[in-house]
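Engineer: Okay, here's what each chain looks like letter by letter:
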Amino acid sequence: MNGEDLIERILREGERRADEVEVFYARGESVSTEIKKGIIGTAEESEAWSMAIRTVKDGRIGFSSTGDPDRWKECLDAALASGGLATPQQWGGFPKPANLTSTASSSDGDLVVAVEDAAGMVADLLSGAAEHPVEVVGGGANLARSYLMVANTSGVLYGMNRTVAAVSLEAIREQSTGYEFDASPFRADIDARSVGEQAASLAARSLSGRDIATGRYDVVLSPVAAASILGHVLLPALSGRNVKAGRSFLADKLGEQVFDGSLSVYDDPFAPGLGSTTWDAEGIPTRRQVFVEQGVLGRFAYDLKTGYRYGEGSTGSAVRSGGEPPGIGVHNLFVDGPRAKEPGDERAVWIHDVVGAHTANPFSGDFSVEISNPFWMEGGDLVEPIRTAMLSGNVFEMLREIGGLGKDTRRVGRLTIPSIRLNNQQIIGK
Amino acid sequence: MADVRYYDIRCVRGETTLVDIDNGVIESAGTSFFDKAVIRVLGPKGWGILTRDHVDIDSKREVNTLVEAAARLAAVTQDHLDLADAPRGVLPVPPLGEDPRDVDLEEKTRLLAGIEAAARVAGVGNTRARYTEGIDAVRFLDSSENEYSYEAVRSGFSVVAIASRNGVMQMGSERDHITTGFNLRGKQDLGRKAGEVAVSLLDAKLPKGGTKRAVLDPELAGVFTHEAVGHASEGDLVREGASVLGGRIGERIGCEGLVIVDDPTLHEFGFIPVDAEGVAVQRTEIIRDGILSSFLHNRETLAAVGNGIPGHARSEHGAPPIVRMSNTFIENGNAMYDEILSECKDGILLIGSRGGQVDPGRGVFQFNAEYGYLIEGGETTDMVRDVSLSGEILSTLHNIALVGNDRKMSPGYCGKGGQSVPVSDGAPHLLLENATIGGRGE
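Taken in sequence, the protein lines are chains A and B.
For the first sequence, the numbering used here assigns the number 1 to the initial residue and increments by one for each residue that follows.
For the second sequence, the numbering used here assigns the number 1 to the initial residue and increments by one for each residue that follows.
Excised from the complex, chain A in its bound form (with noise of 0.2 Å):
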């Protein structure tokens, strides 16, 4: 039985025994080729297939999911069993059929599943990064496809095509390392040749590095230090669940100037990038959702169980990951503001990733982490490298005024920053 008659067979069934039923069906094939040794180690090629079946009952939401089609009927009795146990909420049905206007590009048509283009784009890697005297210890790339719909009883039943191509190298030369990567839908936007060349760049500039004294400087976050940074703080700040069990740092800030004036962060699910979508997790058509403008809180992200429990309403807000149940995300994360100064006009201390970003404390914004790949720079080139330091801060008090923004916009994951200079923030030598 395909996906298709299986969802419908799950809906018409579930609909006995529940007041709603909704299916999250995915089915995707993807293949990798990894580098060892400086040459392709490993090919690998996967097939993924999985159902989540969520049911609504008297306001009980029950959740299951397989990824064996064989065991449909178990997984709906476990969603309703589920169901049975769940403390009952505010519930407004799930979503009917809207007309879905808006376009969004995830999917890269030209793009082939095909082993032979990823060792192709390994190759790529390979030549830009022997334009540097390193060694090559890991990275690879990988090209995949996926189908995924979502159906409800209320009539909603979409479908949608997604595609990533993603390319990574990590170099070493002595004892420092350099580590680079992207990932797009569109296969045309990888330059696996840039990216090679860039990793075993990191991995030679950063060779012998001196020492930092402990001490106050200007900082300049790379988008990837700035990424894992405010990744970690950040976007769990903005979900309406947080917020609303006073888990958030900004939850009692709606309409102040909670950041510098210049800084804007907004979830755009139409712009191409891999979160695009005309409609989220649960089927709800999704919008352009301004969180932060020129500095100012503006609002949260919301789920449907979430929006319907506090009276706030869904913003289509809704992603899955695995086999777990839907729950409050961002499809395509810009941390925009005007480039009016450039971060590097001065000297800063320009710093490329960090080590340890998931141990900041995400209810206070308080981080310290190791950095990766630092440089003095000076008129915005990297002058000199640093051996080893530590950087100390916190999320929200180094947002509220900042230096600048670069004009090195780039996309790392699902979100799209450029570099941020941060003024007076605490280094630790060694």
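There may be inaccurate statements among the hints.
What the hints assert, rightly or not - Only pairs whose alpha carbons sit at most 30 Å apart, straight line, appear in this in silico BS3-like list of lysine-lysine: (1) B:416 / B:45; (2) A:244 / B:187; (3) A:430 / B:60; (4) B:345 / B:408; (5) B:60 / B:208; (6) B:205 / B:408; (7) A:57 / A:244; (8) B:345 / B:212; (9) B:208 / A:244; (10) A:73 / A:37; (11) A:430 / B:416; (12) B:416 / A:37; (13) B:193 / B:60; (14) B:208 / B:187; (15) B:345 / A:253; (16) B:408 / B:212; (17) B:187 / A:430; (18) A:430 / B:208; (19) B:408 / B:208; (20) A:244 / A:96; (21) B:45 / B:205; (22) A:37 / B:187; (23) B:45 / B:60; (24) B:208 / A:73; (25) B:193 / B:205; (26) B:205 / A:244; (27) B:187 / B:408; (28) B:193 / B:208; (29) B:212 / A:430; (30) A:57 / A:37; (31) A:96 / A:73.
I should point out that these hints are in silico values taken from the structure, not numbers from a laboratory.
Chain B: place on chain A using the hints.
Structural biologist: Just chain B, lined up with the frame of chain A:
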């Protein structure tokens, strides 16, 4: 199939039960099902690997088709690798004290709610608890006619409490996971502890960053062992040239008497009865008396690198096996806890873990404590929060001045190559000289 030097198939079919309670509301409580298979073929050069949902391992025809497809993938590889011979054998899985499958979901939910409620001490504004149970039925077969199957049962929970006052928010969290039965009974104390830590952190100071003496509690010292030594001793990183420990077998990298071990046979959270390539598991002393003595290996890294012990291949459901840690720890020394504090004199005591990360090629690691105390004149004084520690693998083990006699293991999950596997880490209390402490205090 002339181009197939070896193949294996590993299927994991099972169930995951999750209960999520947020501020007294049962957000979800239910079971999901998975059935994943990984087929690997070693071609003339390297691996061709297929991953699939729902494979019938008993169907010769299906297996043959998959092996042929994986062999076609292997044909694009260039790096020639060999597999070392390794001992075979499967350990019995630990007997279950109480089988979680005998406890209905309603009771699990009620017990978890009790732990979550216990965290709601005065001053706590938000509590959240999560129960995770995994039942894995594992089957393996390979072209050398090895075949095994076993069942793994994991049960445990985490609880988080958040206290807030005047816009300051602090968290306390506890977790406990086991492989030896059902693990929700009599655990309210851990909920209460999470709540109490969150409240006391509201008055904690931000520590001043810099170089100082540090005392690590057994949980944090376990994470230190895992990040500072464990990852860099993984044979795949060594083979690729991505570890600073490569080529250093026989070198002194730590103080005399220091013993660091990875032991998958212990009935802790990282226990495996056999590794993901069908190789027998055994205790591996990475460091013996301060000298680097063994790397952690799978069959291919043993063949390529040597100097170590195989049986350390592990994989997440539906992912290819890679070299991983299991139960990693520092063996007990002789120092009493009081002696460690008084020897430290002035420094910082670091407690609990918010996780860590390592760049094994550069030899630099970072990890974060849940909280700590200043040590002044050999006594603990003010509580501190948001404190982390970083260091360099090759120098840091020489800085261990005292090793305690009170080792404890803590369960957790470790991420590598996009895969997450259950592990445990542990150590006795440690005194560390010249530790780089990260903190925002002035």
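Engineer: Against this structure, judge whether each hint is valid.
Structural biologist: Going through the hints against the structure:
1. B:416 / B:45: holds, 24 Å
2. A:244 / B:187: Between residue 244 of chain A and residue 187 of chain B the Cα gap is close to 28 Å, so the pair holds against 30 Å.
3. A:430 / B:60: Judged against 30 Å, a Cα distance of about 60 Å means the pair is violated.
4. B:345 / B:408: holds, 24 Å
5. B:60 / B:208: violated, 64 Å
6. B:205 / B:408: Distance of about 28 Å is within 30 Å: holds.
7. A:57 / A:244: Given that 30 Å is the threshold and the Cα spacing comes to 24 Å, the pair holds.
8. B:345 / B:212: holds, 11 Å
9. B:208 / A:244: Given pair residue 208 of chain B, residue 244 of chain A is violated - Cα atoms ~33 Å apart, limit 30 Å.
10. A:73 / A:37: violated, 47 Å
11. A:430 / B:416: holds, 27 Å
12. B:416 / A:37: Answer holds: residue 416 of chain B to residue 37 of chain A is near 19 Å, not above 30 Å.
13. B:193 / B:60: Outside the cut-off at roughly 54 Å; violated.
14. B:208 / B:187: violated, 35 Å
15. B:345 / A:253: violated, 44 Å
16. B:408 / B:212: The hint holds at about 25 Å.
17. B:187 / A:430: Violated, at about 42 Å.
18. A:430 / B:208: holds, 14 Å
19. B:408 / B:208: Roughly 29 Å separates the two Cα atoms, so the pair holds.
20. A:244 / A:96: Between residue 244 of chain A and residue 96 of chain A the Cα gap is close to 26 Å, so the pair holds against 30 Å.
21. B:45 / B:205: violated, 57 Å
22. A:37 / B:187: The given pair, whose Cα atoms are some 48 Å apart, is violated under the 30 Å limit.
23. B:45 / B:60: holds, 25 Å
24. B:208 / A:73: Measuring from Cα to Cα gives roughly 58 Å; hence the hint is violated.
25. B:193 / B:205: With a Cα-Cα distance of about 20 Å, the restraint between residue 193 of chain B and residue 205 of chain B holds, given a limit of 30 Å.
26. B:205 / A:244: holds, 28 Å
27. B:187 / B:408: Judged against 30 Å, a Cα distance of about 18 Å means the pair holds.
28. B:193 / B:208: This hinted pair holds, its Cα atoms lying about 26 Å apart.
29. B:212 / A:430: Holds - the C-alpha atoms of residue 430 of chain A and residue 212 of chain B are around 11 Å apart, at most 30 Å.
30. A:57 / A:37: Distance of about 56 Å is beyond 30 Å: violated.
31. A:96 / A:73: Cα-Cα ~25 Å, so holds.
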